[in-house]
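Asker: Each protein sequence line maps, in turn, to chains V and Y. When we follow the UniProt record's numbering, the leftmost residue of the first sequence carries the number 1, and every step to the right adds one. When we follow the UniProt record's numbering, the leftmost residue of the second sequence carries the number 1, and every step to the right adds one.
Simulated from the structure, these hints should not be mistaken for laboratory data. Hints may contain errors.
Note that identical chains are pooled: a pair holds if it fits in a single copy or bridges any two copies.
Lysine to aspartate or glutamate pairs mimicking EDC-like chemistry, simulated, CA-CA at most 16 Å apart [said to hold, decoys possible]:
id : residue 1 : residue 2
1  : K277      : E291
2  : K76       : D381
3  : K83       : D143
No experiment lies behind these values; they were computed from the predicted model shown.
2 protein chains.
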Amino acid sequence: MPATPFSCSFLVLQPRFNHYINPIFRSLTYQLSSSPFQSNVRLHCALSQAAEAESPTGGRSGALSPGPTVTGEVQKIDVNPPKGTRDFPPEDMRLRNWLFNNFKEVSRLYGFEEIDFPVLESEALFTRKAGEEIKDQLYCFEDRGNRRVALRPELTPSLARLVIQKGKSISLPLKWFTVGQCWRYERMTRGRRREHYQWNMDIIGVPGVMAEAELISSIVTLFKRIGITESDVGFKVSSRKVLQEVLKCYSIPDNMFGKVCVIIDKIEKIPVDEIKKELNAVGLSQEAIEELLLVLSVKSLTELEERLGGSGEAIADLKQLFSLAEKFGYSKWLQFDASVVRGLAYYTGIVFEGFDREGKLRAICGGGRYDHLFSTFGADDIPACGFGFGDAVIVELLREKGLLPELSLQVDNIVCALDEELQGYAAMAANILREKGQSVDLVLESKPLKWVFKRAARTNAERLVLVGNSEWQRGVVGVKVLSTGEQYEVKLDDLK
Amino acid sequence: MPATPFSCSFLVLQPRFNHYINPIFRSLTYQLSSSPFQSNVRLHCALSQAAEAESPTGGRSGALSPGPTVTGEVQKIDVNPPKGTRDFPPEDMRLRNWLFNNFKEVSRLYGFEEIDFPVLESEALFTRKAGEEIKDQLYCFEDRGNRRVALRPELTPSLARLVIQKGKSISLPLKWFTVGQCWRYERMTRGRRREHYQWNMDIIGVPGVMAEAELISSIVTLFKRIGITESDVGFKVSSRKVLQEVLKCYSIPDNMFGKVCVIIDKIEKIPVDEIKKELNAVGLSQEAIEELLLVLSVKSLTELEERLGGSGEAIADLKQLFSLAEKFGYSKWLQFDASVVRGLAYYTGIVFEGFDREGKLRAICGGGRYDHLFSTFGADDIPACGFGFGDAVIVELLREKGLLPELSLQVDNIVCALDEELQGYAAMAANILREKGQSVDLVLESKPLKWVFKRAARTNAERLVLVGNSEWQRGVVGVKVLSTGEQYEVKLDDLK
Numbered sequence: 001m002p003a004t005p006f007s008c009s010f011l012v013l014q015p016r017f018n019h020y021i022n023p024i025f026r027s028l029t030y031q032l033s034s035s036p037f038q039s040n041v042r043l044h045c046a047l048s049q050a051a052e053a054e055s056p057t058g059g060r061s062g063a064l065s066p067g068p069t070v071t072g073e074v075q076k077i078d079v080n081p082p083k084g085t086r087d088f089p090p091e092d093m094r095l096r097n098w099l100f101n102n103f104k105e106v107s108r109l110y111g112f113e114e115i116d117f118p119v120l121e122s123e124a125l126f127t128r129k130a131g132e133e134i135k136d137q138l139y140c141f142e143d144r145g146n147r148r149v150a151l152r153p154e155l156t157p158s159l160a161r162l163v164i165q166k167g168k169s170i171s172l173p174l175k176w177f178t179v180g181q182c183w184r185y186e187r188m189t190r191g192r193r194r195e196h197y198q199w200n201m202d203i204i205g206v207p208g209v210m211a212e213a214e215l216i217s218s219i220v221t222l223f224k225r226i227g228i229t230e231s232d233v234g235f236k237v238s239s240r241k242v243l244q245e246v247l248k249c250y251s252i253p254d255n256m257f258g259k260v261c262v263i264i265d266k267i268e269k270i271p272v273d274e275i276k277k278e279l280n281a282v283g284l285s286q287e288a289i290e291e292l293l294l295v296l297s298v299k300s301l302t303e304l305e306e307r308l309g310g311s312g313e314a315i316a317d318l319k320q321l322f323s324l325a326e327k328f329g330y331s332k333w334l335q336f337d338a339s340v341v342r343g344l345a346y347y348t349g350i351v352f353e354g355f356d357r358e359g360k361l362r363a364i365c366g367g368g369r370y371d372h373l374f375s376t377f378g379a380d381d382i383p384a385c386g387f388g389f390g391d392a393v394i395v396e397l398l399r400e401k402g403l404l405p406e407l408s409l410q411v412d413n414i415v416c417a418l419d420e421e422l423q424g425y426a427a428m429a430a431n432i433l434r435e436k437g438q439s440v441d442l443v444l445e446s447k448p449l450k451w452v453f454k455r456a457a458r459t460n461a462e463r464l465v466l467v468g469n470s471e472w473q474r475g476v477v478g479v480k481v482l483s484t485g486e487q488y489e490v491k492l493d494d495l496k
Numbered sequence: 001m002p003a004t005p006f007s008c009s010f011l012v013l014q015p016r017f018n019h020y021i022n023p024i025f026r027s028l029t030y031q032l033s034s035s036p037f038q039s040n041v042r043l044h045c046a047l048s049q050a051a052e053a054e055s056p057t058g059g060r061s062g063a064l065s066p067g068p069t070v071t072g073e074v075q076k077i078d079v080n081p082p083k084g085t086r087d088f089p090p091e092d093m094r095l096r097n098w099l100f101n102n103f104k105e106v107s108r109l110y111g112f113e114e115i116d117f118p119v120l121e122s123e124a125l126f127t128r129k130a131g132e133e134i135k136d137q138l139y140c141f142e143d144r145g146n147r148r149v150a151l152r153p154e155l156t157p158s159l160a161r162l163v164i165q166k167g168k169s170i171s172l173p174l175k176w177f178t179v180g181q182c183w184r185y186e187r188m189t190r191g192r193r194r195e196h197y198q199w200n201m202d203i204i205g206v207p208g209v210m211a212e213a214e215l216i217s218s219i220v221t222l223f224k225r226i227g228i229t230e231s232d233v234g235f236k237v238s239s240r241k242v243l244q245e246v247l248k249c250y251s252i253p254d255n256m257f258g259k260v261c262v263i264i265d266k267i268e269k270i271p272v273d274e275i276k277k278e279l280n281a282v283g284l285s286q287e288a289i290e291e292l293l294l295v296l297s298v299k300s301l302t303e304l305e306e307r308l309g310g311s312g313e314a315i316a317d318l319k320q321l322f323s324l325a326e327k328f329g330y331s332k333w334l335q336f337d338a339s340v341v342r343g344l345a346y347y348t349g350i351v352f353e354g355f356d357r358e359g360k361l362r363a364i365c366g367g368g369r370y371d372h373l374f375s376t377f378g379a380d381d382i383p384a385c386g387f388g389f390g391d392a393v394i395v396e397l398l399r400e401k402g403l404l405p406e407l408s409l410q411v412d413n414i415v416c417a418l419d420e421e422l423q424g425y426a427a428m429a430a431n432i433l434r435e436k437g438q439s440v441d442l443v444l445e446s447k448p449l450k451w452v453f454k455r456a457a458r459t460n461a462e463r464l465v466l467v468g469n470s471e472w473q474r475g476v477v478g479v480k481v482l483s484t485g486e487q488y489e490v491k492l493d494d495l496k
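Construct the entire structure; sequences and hints are all you get.
Answerer: Given below as C-alpha cells:
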C-alpha cells in the first residue's frame, strides 16, 4: 500500500459522518455492558465454547460418518468480524430492519424514490470535492488494476455522479433516498467503528428553502414514528451564507470558502487559539478572524440581523425557514445557532444538525444545501440539498430513553411429524400453510415433543400443527393454539 | 499491492458465485440493448449533457447568486461507477427491491431469521477453507494497519464464523438467511461484473436430508412466486459422497477430497484431457481417474446403484431426497445428475444447482451440505447445508421469459399551493395526509399547473390536492382524482 500523501482532517470529508466520533462500538443490541466505553470489549468466544455447542442428535444422526475434511490442515480463525465492523445476528438484524423500515416508510410518505450506488467508488470522487486536504480517514486502497478506489465515506458524491450521468433523461426535481453502508479508516484508539449505515434524502433541482423545510419535516416525522419528541431532540440551524457575507466584507477570495468552513466547524472540538491559528494560516487577517468568531457566537436571528443588516440572503433564507417551520408544525424543534457550520466543504446555504437536548451524544443527523457540488465535478450546477442520518447515535438515544422496541422472532406455525416416516406429510401440511401466507417452522428431525414445545416457545410460534399417522389416514392434522392451549383437528384442505 | 502468490481457480472459491461467468454486465433493467454483449456499452454521458439538464426555474431562482465554489479547482469526474459495478437508479432499485422482497418473504414463510455480516472480512476467512489454491479472484488488499482483508466473495464462511462466535448461546437448528453483496476481482475481459447480490438460506444443526429438501422447497416457492415454472427451470442433484465412495476404493487420502471435487467441477468448462491431467497431477492413478469419470457420466440413480452397490450413504441420501421431493410436491423439478459437483471445496454431501431448461444461462443457484466446514475453522463440526441464489441470472431468465414485472413510481397524492405564499399551507395539508399513511409528493416551488399535471403523470399520482387562497379561508382544499377527473372540495380535517 503506498503511503498516502494526504493530511486533512476527517471532518473535511464527512461531517454527516461525525456521529462516528462518538465512542460507540457495540453492535446494535448485542452488547456486554451498557457503558459505551466497555462496549468495545469483544466477545472473545473461545472456540472450545463452540465445541460444546448443542450437538444435534436427531434420528438420522446415526447415518453420519466422519467424512473427509475439506483440507488437510486446520487453522483456528478469528471469530470476530474485522476490527471496527459488526455482524448482525438475528436479534441485531431485527433492530436494524425496524430502523431501516422506518427510514424507508418515511421516505415513501414524502414521495422519495430509493436509489443505491456501489460501496466501492473511485477514490477521486471523494478527494476532489474538498480540495487538497481530504484523505486522512478515507478507507482507500489500490486494486489489482492499479486503480485508486475507496469504500465510500458518504453517499452524496455518488448521488451527484449518478445525476450527472443521467443527464437529460431525468426530470427535476429529483427526490431520492438511500440507506447505505459508509466506511472510514481510523486508528481504533477509542473504540470507534469503521462502518455505519446512513439514511440519506436529497432534493435535486429546488433552489428555495421549501426544500430544506421538507427535509427537516421528514426527519421530524421519523423521530415521531420512533417515539422521539421535541423534548428529546432539536435542530440547530444556520446558513453558510452568514460566513460568506462576513468573508466578503474582508475580501477573502471565494475559493477559500470551503477551507474556512471546515476549520470553523472544529470550533467545539479544538481550542479557539488553534482555530485562530488555522484561519490565520489560510490567509485571514486578525480582524476578519475576530469578526468571524463574533458572528459565530450569535444565538438569535434578531441579533444576527442587527450585525449583518437585513438585506442579505442569509437572513432572508433563515427567516423563511423559521416561518415555514411554523406551518410545517415543527418550529419548537428548531433553533438558530450561528456556530453550526457542518464539516463538509460542499455546503453553501442552510445547514442543520439534529442534537439530543441532554447534550450527551454527537449529532444525530445533519445536512444542508450544496448548490455548487455539481460544478466541482465538472458539470453545470443544480441547486440541491440533503441530509445524512446514521444508525449509531439514534440507537444510543433510543436506548437511553428506554425506547428500543421489543422485537422477537415470531412464526405463525411450528409443524411437526409424530414419527420419522411422516416427515414428508408434515412438509405437505407446511406447504399448504405457506401457500396461504402463513410462516412455518418445519421440524426437520425426529424429536421428542418436549423439544418441539421448547422450540415453539423460542420461536414464539402461534400454533403447533402435529402430523400423526391415524390422523393422516383420516385426512386431518392436530392443531394446538399455543397461547390458549386450545386443541382441535382440521382437514388438510381447511388448514389456513 | 503485493503480488498474490495464489494460483487457484475462481471455482474453488465460489461455485455459488459461478453465474458471474455469464457475460451479464448490464444493470438490472437499465440497458441500452437487449443483447447481453452490448450491455457493457457504458452510458458515456457527456458532461455537456448534464449541462443541458432541465434547469430549475422556480419562483425563488432569482434569489440565487453564484456563490463561492467549494474549491478553486474543477476536475471532471468519471460519471460511471467503478468498472464491473452498478448504480441503482430508481427504476433498477424498484426491480432489486421486488426481487429481494421475494427472497425475504419466502425466507419468512419458511421461518428463517435474517442475519448479515461485514462486506469486508479478514482474507484468512476465505483462503483457509479450500486449502492452498484460492485467491485468483479474491478482491483482497492490505489495509492501513497492514491487515489482509477482502471484500467477501461469498457469505457462508462469515456465517460459519458467526455461528462459532455465538457458541453456546444459540439453540440448534439455526435457520438463517441473508441477502448480501459479494465481490470478485477478475480482469474485465468479457463484460463480467465484479459484484452481485446473493440470497443465502442455511440450516445449521440438521444432519438429515430433510434439510436439503426444505431448502430446495424454498427455492421452488421463490420460482413459483415470480412466475417461473418447472418447464423453465429444474434442479440437478447429486451427492459428493458418490465421489467419496469412488476415492475410497482407490485409497485416495481424505485430504485430497476437496481438491479432486474442485477439479471435477470444471468438467463442462475445460477439455476432459485437462481434467485428467489435473487429477493425475494431484496423485490419482489412471484407473481411478477413468472410474471417476465413468461414474460422473451416470444419469440415473438406478445405474448409480448398480455401479456403487446399494449400501452406501450416497445412494441412501439421494433416494431419500427424491422420495421427499414427491411429498414436497416438486419432484418434477428434480433430476439426478452425477456430474453435478459444485465448485466449493467445502461441500460434503448432497449438492444441487438450479438450471434453465433451455441451457442458455449459467446456474441460477446452487448449494449443498457442508458438514465439515466448521472443523476447518478449528471448531467442532455441526452438520449444515445451504444455498446461494444470485441476482443476475434470475433477472436474465425473467427478461427472456417476458416475466420482468412492470414497476413504476406511484405516489398517492401530489399536493400543490396555487401561489407561493400558500406553500406553508400546502405543507400542512401534505402532513395531514402523511399522518394517515398517504404518500405525498409536495410541490416545493411555484410552478404553473401544466407543470404540476406533467409531474403528476410522471409520478403516477392518484390525486392532485390544490391549496388555493379562497378555499383555505373556508378551511377546504380542492381534490382532483387523476384517473377519473372527478373533482371535489374537502375539509382539511376530513382529508385522508
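Asker: Indicate, hint by hint, whether the structure satisfies it.
Answerer: We went through each hint and held it up to the structure:
1. K277 - E291: within (15 Å within a copy, 80 Å between copies)
2. K76 - D381: Result: close only across copies, 13 Å inter versus 54 Å intra.
3. K83 - D143: Close across copies (11 Å), not inside one copy (21 Å); limit 16 Å.
Taken one by one, the earlier hints all hold for this structure without exception.
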